[in-house]
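Student: Chain A is fixed; fit chain B onto it per the hints.
These protein sequences, in sequence, are chains A and B.
For the first sequence, position 450 matches number 449 in numbering that gives the first Met the number 0, and the numbering has no gaps at all.
For the second sequence, position 421 matches number 420 in numbering that gives the first Met the number 0, and the numbering has no gaps at all.
Please keep in mind that the hints were generated in silico from the structure rather than gathered at the bench.
None of the values given here were measured: they were computed from a predicted structure.
The C-beta atom is built at its ideal place from N, Cα and C for all residues, glycine as well.
Watch out, some of these pointers could steer you wrong.
Stated by the list, open to error - Simulated pairs of lysine-lysine, DSS-like, Cα-Cα distance not exceeding 25 angstroms: (1) LYS64(B) with LYS489(A); (2) LYS125(B) with LYS578(A); (3) LYS97(A) with LYS64(A); (4) LYS216(B) with LYS145(A); (5) LYS125(B) with LYS489(A); (6) LYS26(B) with LYS489(A); (7) LYS329(A) with LYS360(A).
Unchecked claim - Negatives, chain B to chain A, calculated, CB over 10 angstroms: (8) ALA21; (9) ASP50; (10) MET59; (11) GLU76; (12) GLY380; (13) GLY438; (14) GLU456; (15) PRO522.
Protein chains: 2
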Amino acid sequence: MYRTHNNGELRASHVGQEVTLAGWVQKSRDKGFIVWVDLRDRYGMTQLVFDEERTPAAMMAEASKLGREFVIQVTGEVIERESKNPKMPTGDIEILVKKVTILNESLTPPFTIEDDTDGGEDLRMKYRYLDIRRNPVRENLIFRHKVSMAVRNYLSNQGFVDVETPYLIKSTPEGARDFVVPSRMNEGQFYALPQSPQTFKQLLMVGGLDKYFQIVKCFRDEDLRADRQPEFTQIDCEMAFIEQEDILNMFEGLTRHLLKEIKGIEIGDFPRMQYDDAMRLYGNDKPDIRFDMKFAELNDVTQHKDFGVFNSAELVVGIAVPGGNKYTRKEIDKIINWVKRPQVGALGMIYSRCNDDGTFKSSVDKFYDQEDLAKWAEVTGAEKGDLVCVLSGETNKVRAQMSALRMHLAEELGLRDPKVFAPLWVVDFPLLELDEETGHYHAMHHPFTSPKPGQLEMLDAKPGEVKANAYDLVLNGNEIGGGSIRIHDKETQAIMLKHLGFSEEEARAQFGFLMDAFEYGAPPHGGLAFGLDRLVAILGGQETIRDFIAFPKNNSGRDVMIDAPAPLDQEQLSELNLKLDIQAT
Amino acid sequence: MYRTHNNGELRASHVGQEVTLAGWVQKSRDKGFIVWVDLRDRYGMTQLVFDEERTPAAMMAEASKLGREFVIQVTGEVIERESKNPKMPTGDIEILVKKVTILNESLTPPFTIEDDTDGGEDLRMKYRYLDIRRNPVRENLIFRHKVSMAVRNYLSNQGFVDVETPYLIKSTPEGARDFVVPSRMNEGQFYALPQSPQTFKQLLMVGGLDKYFQIVKCFRDEDLRADRQPEFTQIDCEMAFIEQEDILNMFEGLTRHLLKEIKGIEIGDFPRMQYDDAMRLYGNDKPDIRFDMKFAELNDVTQHKDFGVFNSAELVVGIAVPGGNKYTRKEIDKIINWVKRPQVGALGMIYSRCNDDGTFKSSVDKFYDQEDLAKWAEVTGAEKGDLVCVLSGETNKVRAQMSALRMHLAEELGLRDPKVFAPLWVVDFPLLELDEETGHYHAMHHPFTSPKPGQLEMLDAKPGEVKANAYDLVLNGNEIGGGSIRIHDKETQAIMLKHLGFSEEEARAQFGFLMDAFEYGAPPHGGLAFGLDRLVAILGGQETIRDFIAFPKNNSGRDVMIDAPAPLDQEQLSELNLKLDIQAT
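Next comes chain A alone, as it looks inside the complex (with noise of 0.2 angstroms):
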């Protein structure tokens, strides 16, 4: 037993005990005549004294040796502080050494053990053991635990059963990149590890098993934008003998359990909000509906005027940006110009101001009479002291760019705040996604996702306009889960594949196993994943996932830390059936 208490525990109906502590050095004051070290472990913090009054001299030299992150272990007795320190738990009490011993001495390290650190991100990475003992650093993943434990109890709860599915499956060519395992037993061959259990959970409910859940690890060999990472988290769920109606509410439950025990926070229905709505009022399949700002189209009260650029494009788009009359010149151009990054790829931005005196001033005054400006404001929504921001051209690029700046703004104005917690199920996707550059049709959710009744017949002549059984749940603009309701007949499948451009060998070679569970009976089934570390930094109050991973990867998908990837050994190689194939450069 290395200590009778931790660092966090210890209070005034303590005092007179003696007691063993345990942790690390956080700081040490030496005063000479009395040394006061700061202990610190998970639990918290305890002040440590040694004063030349009540401590052998050789005891207060030690202390004064006692450098930042050395392992110490004390017994003394607790003893109440002079002048207390209401900021800290155990700011009441103090602990009188009499016997110390040094568990590990410690380097200096690279950076500072503090809230504040002033170590890189580089730095925190290599060192990631020594950037865990920060506070934040450590409850993040304190937090990630605590929506795990309740994701899964509420779940279990609810009935569903958490079956491990493998990581050593096979390739499919089809999607994103997989990773994959040379296998030695098997020469030649290959596994892949999953970039979600689909086919397994689908094969779990083809087994009546009727409600599985599993937090899952999922791996993608993409090339790494920022803030992805190569393997990630899934809560991954299937549910059979339902209906989309039932899982939204499954899930909508779930959610709204978490933010309530998590974040003590009460949320009543969420919304739901068509795909093609979305687009159109947000640019976007996962608006932040935590502030408004929604697009509107004005091409009606824009296209009946002289000014080409309006009366070229496909859409006409404008928002009300609350208050942004208060821009000034300056802050306005500097928000053209952030439309018109490379980034953002907008030609310009035309705008109006609404007076308070309910004129309007804009920067198409050239073409544009009060009586037009007054319709541009009307449809938009704006009021007296708002700014009409309009974008034009292409559709998707034009909502795109809209959304883009929509965000901005939101997030220059503070309307993002992190505290607020505002849901919202966008439903009726679209089956099928148009790839720009190959021009086929490829699918937006999954090959197996199911269309919507009686629209399998369109799949020839309109396949666009599709719409599929899938559902997303956004959170704060975030995408935090999504699935579908699932084919479940070998026809539908087989029809789904053969639009997808599979071969019936290749469709056979891949998926022959869900083909062959489809003929012995399979249910209507469907389900949904979320994105565990996605939802765990927006429930936490932030946006980037790798604050709430213990060991995360870089963007080039190495682990600075432990020096991953590597060189293999040419004896591993050989017994793989590998040889290295690089090209001199």
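Tutor: Same frame as chain A, but now just chain B:
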């Protein structure tokens, strides 16, 4: 909503209600004028009835066409059965069907979906999704879920934090073979899948997390023995600021909790046994102590006569088989043949019958008199009616042989009762183990295991005698968990790695990050990992882990259902900068 109730919940109290049910047709009995259908789902079975008098003719025709494993939905009235079935929870009622919808048809399944199926192992694995429909398989998976949840909640309540460690890590040639994952983004480099999160959990302790657990998949590319899986699940745990005693108490508590919560069995303090005693008394480091038959060393009472076999043996060891004198000569010959099988490898077996009249009759009466045989009985603890079995030879070999014989006889005598649970701690394992092939010592547990205090100095002179702070938890003759107190200072770790044959450069390349971490105030720490697959199987009263894994692999590491591993596309290989290097044979 596909159903108002499930198939396990309707009772007499529901009579008169209209209900909608869905599920699979278990079987139907068609008498012409009346058709009964058993409808099955995860929750149970409900009897449906269609009869000439009350059912429209068209529906009667439909009912008679419902085949096994068809998925149907029915609406009807709950009525009281004429002949109740007390064996079924729903046996008081049946459903008079008013509407039936076939949700999916089914081919005749390749084996019967019954508790005792006619399907062989291979067929069941190929159609695992049908196998899972069988009650015993489904109940095993649900049982596993219950064990997992109980583990998580217990540890969470004890302050342990579930932390997800990475799956894409770095290969360490030491130990078992790693599965590796080529990195596309880091040309010529590979990740490895973890054999366990060992180093990461130690780093979490260095990071001050204090108590960690995770239920986590681990991977080992071994030549598979029966009942080994290339991917398996561990309950992985680590604690800081603890001594061995704290760990044993904590995980004894967990195991006791599981036995109570899952099996309803209360067990007191777990006995503890030194490794050396386990080897001496049971020839085995995971003794099954549900029954006795301890080894007795007989050198002193056998090597004083002219029997060369014993005189030349390093060890003569006997066990008293309770009631074994009832064996016929033929049965004893069978036992002798059993120990002579190559898998056991004994050259023969000597025995002595303990007759009811107090006399003895041995297979070596030519060499030993009644007084000698009385000594054998005394030392082995044999009583009248028992059989003393004696093996001799080189100590390690003869212990292994006797251990196998002891288990074999216990099995035959019905002493391995799956309803009895006998946990045992085996402690004080050797630090190192001699590899007889290479003549080198390697770490018995792993290179991070701490030697017993004060024994580090013996590493040079008597490496085989150094004991470690390492322990196994044994349940009914199976190792269900094992762990150790870890080294937490850089010097000791360096000495260990040197003794294990790592050069300084190799140690640096492999474990540099851990050695670095030990420079910055690593606390004393230790832990344990349970094998979840085996723990669940044993708690479930079985010893085959495959029955408790949803989608297991066969002995060649193949998933025969999805047919993995499989060849890769040439394009995928090229992207990974790999070539197959297969010798034509």
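Student: Out of the numbered hints, which ones does the structure contradict?
Tutor: 2, 8, 15
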